[in-house]
Amino acid sequence: MTDTGYEPLDTPKPVADEAWIVDGPAIRFYGMPFSTRATILRLANGDLWVHSPTRLSEDLAAQVAALGPVRHLVAPNWIHYAYVGDWKARFPKARTWAAPGVADRARKHGAFADYDHLLTRTPPPDWAGEIDPMIVRGSSVHREAVFFHRASRTLILTDLIENFEPAKLPWWFRLIVPLVGVADPDGKMPRDMRATFRGHHDQLRTDVETMIGWGPERVILAHGRWYDRDGTRELKRAFRFVLP
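Numbering (my numbering), first residue to last: 2 to 245.
Derived EDC-like pairs (lysine to aspartate or glutamate); straight-line CA-CA distance at most 20 Å: (1) 14 / 48; (2) 169 / 8; (3) 14 / 218; (4) 237 / 210; (5) 169 / 229; (6) 14 / 4; (7) 169 / 4; (8) 169 / 185; (9) 237 / 218; (10) 89 / 115; (11) 94 / 117; (12) 237 / 187; (13) 169 / 187; (14) 89 / 127; (15) 14 / 60; (16) 237 / 185; (17) 14 / 59; (18) 89 / 48; (19) 237 / 208; (20) 14 / 229; (21) 169 / 11; (22) 89 / 60; (23) 94 / 59; (24) 94 / 48; (25) 89 / 117; (26) 89 / 59; (27) 94 / 115; (28) 109 / 87; (29) 89 / 105; (30) 94 / 127; (31) 237 / 203; (32) 89 / 11.
It is worth saying that the hints were derived from the structure and are not from the lab.
Given only the sequences and the hints, what does the whole structure look like? Please build it.
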């Protein structure tokens, strides 16, 4: 699958002040085509913070370098780490950050696993006051770090919500996404992931309420259509299964 419906690919696209997305090529996961998306934030000191790096080409590297020095590379969960090593090789001064479980899985698959820092629920000095991090609790498997960029009021998720637009998918994948619960306009947490939170909805609810309390204007997702407006409303819709 070449086209994703989110072209142009491999180029930074502004979405808010000091915030860009990079739509990457589709990748195969369990045989299904997933569009990919990175998010780039520019911190107050000019440093760039890159979330879930996508495929890196020389042209993309040059475009990113023109925005500022890459200083932070973030692997937000145990699935989104594949290209961190390529970015680290191209931008060796960048520090690498990983959610719990990322380094172990990357090591098992022979991928880059030498991360500098483990992400926690406490903002590190590097971006304290600018980006609020949180490791979402409650799953027996999925430990995802989410981030709120205060300046642009942008919430950055990875897989906790997926929102595939059927018109952009192969015909056979269009049949699957509604069954999994990830079809636009009602994209939400995939059913298999949701099952891993069983028995711990209280923890998930608390963390979702924290995200809602941040009052995001937009919510960026790694897969499918992201929400460029009404971010808080979209959170309440997508997580209605856990909210009172």
